[in-house]
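The primary structure of each chain is shown beneath.
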Amino acid sequence: MNNWINVSQSDVNKPLEKKVRGINVVMMISPFDVPVASRYGLNSKTNEFVVEFKYLASSEYTKVVDHADGVKFELGCKTGKVFKVLIDNNHFQTNGYDSVDVSIELGLKEALREINEHESDFTRAGNFSAIRNYLSHQTQVSV
Amino acid sequence: MRKKSGYRDKIYSFSKFIMTITTVFLTILTYIIDADLDDDIFSSWPHFTIAVIQYLKDNSFDSLCIVVALLFMSWVGLKFGDPWIWDKLQFILDQYKGKAFKSSDPRSDQHNRITLFKHRKFIGFRMCPTGTWKKPWNGHDITGGWLVPVLRSGHIAQKTSAVFAAPDDADRAEGIAGQAWSSQRVIIVDDLNPIGESTSIANKERYASKTNSSVAMVEQYTRPSRIAPRSIVAIPLEVDSQVWGVIVLDSRDPKGVNEDAVENYRLTAATISQLLERA
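Each protein sequence line maps, in turn, to chains A and B.
Just so it is clear: in the first sequence, position 1 is 1 by my numbering, and no numbers are missing.
If you want my numbering, it's the position in the second sequence, counting the first as 1, plus 1000.
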């Protein structure tokens, strides 16, 4: 794993104007739902690319949610926050993408697709938005 | 609302002392109840000590009741929280207030406030700000969930009766604070129209709809010649991985507080959260 890198708040937590019950308000994701830092690396034992997140004042037991398609999410048991995204390189490499970089890029895109498809699994709406914004930004950067 | 006073320090220190003493006494008492005074071990003990032990044995039930009562009292005393932590929280709110608001006018300092609201299931017999004696909780369930102020920045404007309904049903949440609680998102409202006691009903209605409140709430707030805030930011606060309450920043300046108060002071929110874990 590489070192922790601060997550840019302006990329992940942009103020959004929303209509709530007919009234315009500016909403932001709670600072407790936005990762403060992330790190990533390749687990050579499992051949998984791992993206890990750190939050403000939060540590808890986690559980892994597996949706197949080579992407798993490690969620906090208490809060439902995403602590890790696990991308299985074997899955992408056996599908013809032999380069690790390409499989990671595809993995991140797959993770973004998964998170959008299985929104109901992510009980913490604010954290869901923050991780989706993070993955969306990462996939745009890597393209 | 917590008041700055030395009596809480004394209650907390005394409760801690009583808790320690009664725990030790309880340990001794449980040993004494089972002790056989005819045992050789007690033969060399002074008569006075033996008499005390015998007295405690004879009145073991009463002694246990007193110990349990003292333990309960000290537990209640400790439940109010460590005053040292609340002093530090007050200091952090004051520092946060000094930096989070955008205003160059030194007089505006007293027009900017940060209030810490705690979510409680049960409001007790406290009056809702909109309430009358006929409808004390403004039609909300008394045990439905409420945001109650526990700490406020500054040394003036400490007194507040602002209580907002924050039930599980998001549609019934009151105020910007209630909205932030139910959505678990930061809510920012600025450029609100100026509201005072003599403002027209139409303007009060407009203000009420923008702040997710009712005209009755606005009127109650402005009745003692007060001016309602014109920009508000509410930040949900998490303690021990659970949403604990809401921090509300409000200013009489229409642009007094904005998203910078959230983006630049995340660590302040984290520090408050960590202190509250131990409070």
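Any given hint might turn out to be false.
[What the hints assert, rightly or not] Chain B is faced by these chain A residues, among others (derived, beta-carbon under 7 Å):
#, residue
1, Met-27
2, Leu-56
3, His-91
4, Ile-104
Think of the hints as simulated: they come from the structure by calculation, not from any bench.
Since we're looking at a predicted model, the values are computed, not measured.
Note that beta-carbon positions come from the ideal geometry of N, C-alpha and C, so glycine has one too.
So, going through the hints one by one against the coordinates:
1. Met-27: holds (5 Å)
2. Leu-56: holds (4 Å)
3. His-91: violated (32 Å)
4. Ile-104: Constraint on Ile-104(A) not satisfied, violated at 29 Å.
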